[in-house]
Amino acid sequence: MAPLKNLETEYPIIDSNFQNFCASHGIFSVEDFLIHDLYMLAAFAEQNVSSERLKEGITQILSIIDDMHQPWLNGMELLEDAKRNKHFLPTGIQGVDLLLGGGIRVGQLTELVGPSASGKTQVCLQTASNVARNYMMLYLDTGNSFSPQRIAYFLGKTNELASAQAKNQILQKVMSNILCHSVFDIFAMFDVLHQLESNLRCQERGGGCRIRLLIVDSISLLIAPVLGGTSTRGRALMASAGYLLKKLAHQHNLAVLVINHTVGSEGGTSKPALGDSWKSIPHSRLLLSCDRGSNVYNVSILKHPSMVCWG
Amino acid sequence: MGSKAWLVEDESAREMLDRVLTERPFLLLPPLHRVPLRVGNIVEIVGPSPSAKTHILIQAAITCILPRQWKGVNYGGLGHLAMFLDLDCRFDISRFSDLLNHRIMEAANGSSSEVDCQIKESEAQNATTKPYNEELFASCMRRFLYIRCYDSSEFLATLKTLHYRLQKERETHGVNVHVLLIDSIGAFHWIDRGSSSFSLEGDTRKSLHLQSVTETVVQEIRKLLLVHPMLVMATKAAVLGNRYSMNDSKRNYRTWSAKDNLHSRNVTSSDQQVPYREYMPAVWQSLITHRILVRTTDADFVNGEHQNVSTYLSEWLLPPLNSVDKFIVRDTGVFVLS
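Heads up: the protein sequence lines correspond to chains A and B, in order. Taken in order, the first sequence gives residues 1 to 311; the numbers are from the numbering used here. Taken in order, the second sequence gives residues 1 to 338; the numbers are from the numbering used here.
Since the hints were made in silico from the structure, they are not lab data. Check the hints yourself; a few may be wrong.
[Stated by the list, open to error] Below 30 Å or equal to it, Euclidean Cα-Cα: the simulated DSS-like pairs (lysine-lysine) are:
id : chain 1 : residue 1 : chain 2 : residue 2
1  : A       : K55       : B       : K168
2  : A       : K279      : A       : K157
3  : A       : K55       : B       : K223
4  : A       : K279      : A       : K83
5  : A       : K83       : A       : K55
6  : A       : K83       : B       : K71
7  : A       : K271      : B       : K168
8  : A       : K5        : A       : K271
9  : A       : K271      : A       : K83
10 : A       : K173      : A       : K83
11 : A       : K86       : A       : K5
12 : A       : K279      : A       : K173
13 : A       : K167      : A       : K157
14 : A       : K86       : A       : K279
15 : A       : K83       : B       : K168
16 : A       : K303      : A       : K247
17 : A       : K303      : B       : K71
18 : A       : K247      : B       : K326
19 : A       : K173      : A       : K271
20 : A       : K271      : A       : K303
21 : A       : K279      : B       : K326
22 : A       : K55       : A       : K86
23 : A       : K157      : A       : K173
24 : A       : K303      : A       : K279
Every value quoted in this text rests on a predicted model; they were computed, and no experiment measured them.
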């Protein structure tokens, strides 16, 4: 919320006369212009002595506001971007890849829901080991569940025929491609994500190896403590976190995978945690369940942009 | 002599009606086909998540951008521009292009069952129809204008500069924007409510909280519609009330309406009248001219190829019609069952 006088050096039309005029209408920064009626303001400017300059100032402000939103795209440009950048990242788990039509989608926020000990962290680690062969990735760990030994185990399983030296090389490469951060509250996560955003913006100009996958294991552990009963702050934080993740995914071509747990609902069934406000934030939601007896893991779709869920 | 010129008629009432109906036609979009919609209407599509709301918007956009006729084939569209304001940031362009392609192929090949067979049988046929479809496809896609908004500031900035954008697009394409689609209008509700509403420099300064943002949004839309008549369709995610919940255990909607007195209008107290919990401020509710409620059902519709497709129900709340329509979403778009 920078005050208007900061703009004076860059845009000389926003001089002290203009600033005083705006201040008399309760406008002190560019953001204030967003909630005021600009046509009314122009009408007031008409009655002023230096009406032409004031109206030029308002036009200048409008062009500044035009830079404050995302660019307009048409359908063809969107489709080109999707084809060029928004690929699928295979997880290495056959069931999940088949269900999602190739893997986790770059540019989208995918949520994996499941009761405790249903294998959610295992899915994350397997996906991490698969993606890190080729790309860098960031693993946000909230419950000290990241295990390098497990990653090595997954790599060993898929590379059984390779020589010891080749296996070691792959292991080194994968380990150096995974960045693991421990975050224990939502504000720490915001810190890491904002840092990531500024790093990615710098890297875009410089090139270099870029992060392709972001895993948050698990986001429910970060959000649940701030979600009170009647307070709106918690939900505001949750919505902001969701939008930040989606923005990172779309603008910097990341695939984002977040983990959520389940809670009980009426009737004895279980439902995903974080409530109805979170429900509409991820692009896709997958439900993971484990059948203890047969040690079989089931994945089903709860929500997907182009597939329908049954039941 | 000059004053008599004022009394000369421009056109008769019949001519005017003809002209208005051609330039501003009524749209019958499934599943909103029971109430004809035209420019100046503001439709709100309410429903829990997920309930095919975005698909209804996509259907409207495709109908708008397809031409009425092209190379002898009747597509039944309007040939105008469609603008999509994505506040949910979940729009999938691949799905949109698939639906557009299927609509083009369906119109070109006459009937949808033929299309299904052809897709299964021969790729060669698609190859021959592809060239002229691609040109049409590209020209339609270029008529679809899209923007994402990640917070209320970006949304307001978009609305404030929309007037100039609309003028510019009219000059570029030669046609007007006919539909403005917003998905979804309550997206920043919690973020705006969470931001502080105390004013910093006395009472003269307004801050960016829910009430001021919504008032500005409504004001901007009203002003835009004066100069650029469009059909506005907005989706809204809502939690369904007791009338539709699976477990009829608690009657607690009375406590819901008692909580948010500041921001929501108290919907009438009768049991039957509250299908969902309203959370948009009253100023938005007064802007809406039409409202339709959509939701999923448990009943599955068995398609011809033994596929279970999710069925949705739609019900008009404003104007209140006492009928419930069933529809499904197929590859060619929304298809009404009853």
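Verification of the hints:
1. A:K55 with B:K168: Holds. K55 (chain A) to K168 (chain B) sits at ~21 Å (cutoff 30 Å).
2. A:K279 with A:K157: violated (36 Å)
3. A:K55 with B:K223: holds (19 Å)
4. A:K279 with A:K83: It holds: about 27 Å lies between the C-alpha atoms, which stays within 30 Å.
5. A:K83 with A:K55: Since the Cα atoms of K83 (chain A) and K55 (chain A) sit roughly 44 Å apart, the hinted pair is violated (cutoff 30 Å).
6. A:K83 with B:K71: holds (29 Å)
7. A:K271 with B:K168: Violated, because 48 Å separates the two Cα atoms, which is more than 30 Å.
8. A:K5 with A:K271: Violated: K5 (chain A) and K271 (chain A) sit about 52 Å apart, past 30 Å.
9. A:K271 with A:K83: violated (34 Å)
10. A:K173 with A:K83: With Cα atoms ~28 Å apart, K173 (chain A) and K83 (chain A) stay inside 30 Å; holds.
11. A:K86 with A:K5: violated (41 Å)
12. A:K279 with A:K173: Outside the cut-off at roughly 37 Å; violated.
13. A:K167 with A:K157: Judged against 30 Å, a Cα distance of about 10 Å means the pair holds.
14. A:K86 with A:K279: Between K86 (chain A) and K279 (chain A) the Cα gap is close to 23 Å, so the pair holds against 30 Å.
15. A:K83 with B:K168: holds (28 Å)
16. A:K303 with A:K247: It holds: about 20 Å lies between the C-alpha atoms, which stays within 30 Å.
17. A:K303 with B:K71: Distance ~39 Å between K303 (chain A) and K71 (chain B) Cα, so the pair is violated.
18. A:K247 with B:K326: violated (35 Å)
19. A:K173 with A:K271: With a Cα-Cα distance of about 39 Å, the restraint between K173 (chain A) and K271 (chain A) is violated, given a limit of 30 Å.
20. A:K271 with A:K303: OK: K271 (chain A) and K303 (chain A) at ~13 Å, within 30 Å.
21. A:K279 with B:K326: holds (24 Å)
22. A:K55 with A:K86: violated (43 Å)
23. A:K157 with A:K173: Given pair K157 (chain A), K173 (chain A) holds - Cα atoms ~16 Å apart, limit 30 Å.
24. A:K303 with A:K279: Holds, because 9 Å separates the two Cα atoms, which is no more than 30 Å.
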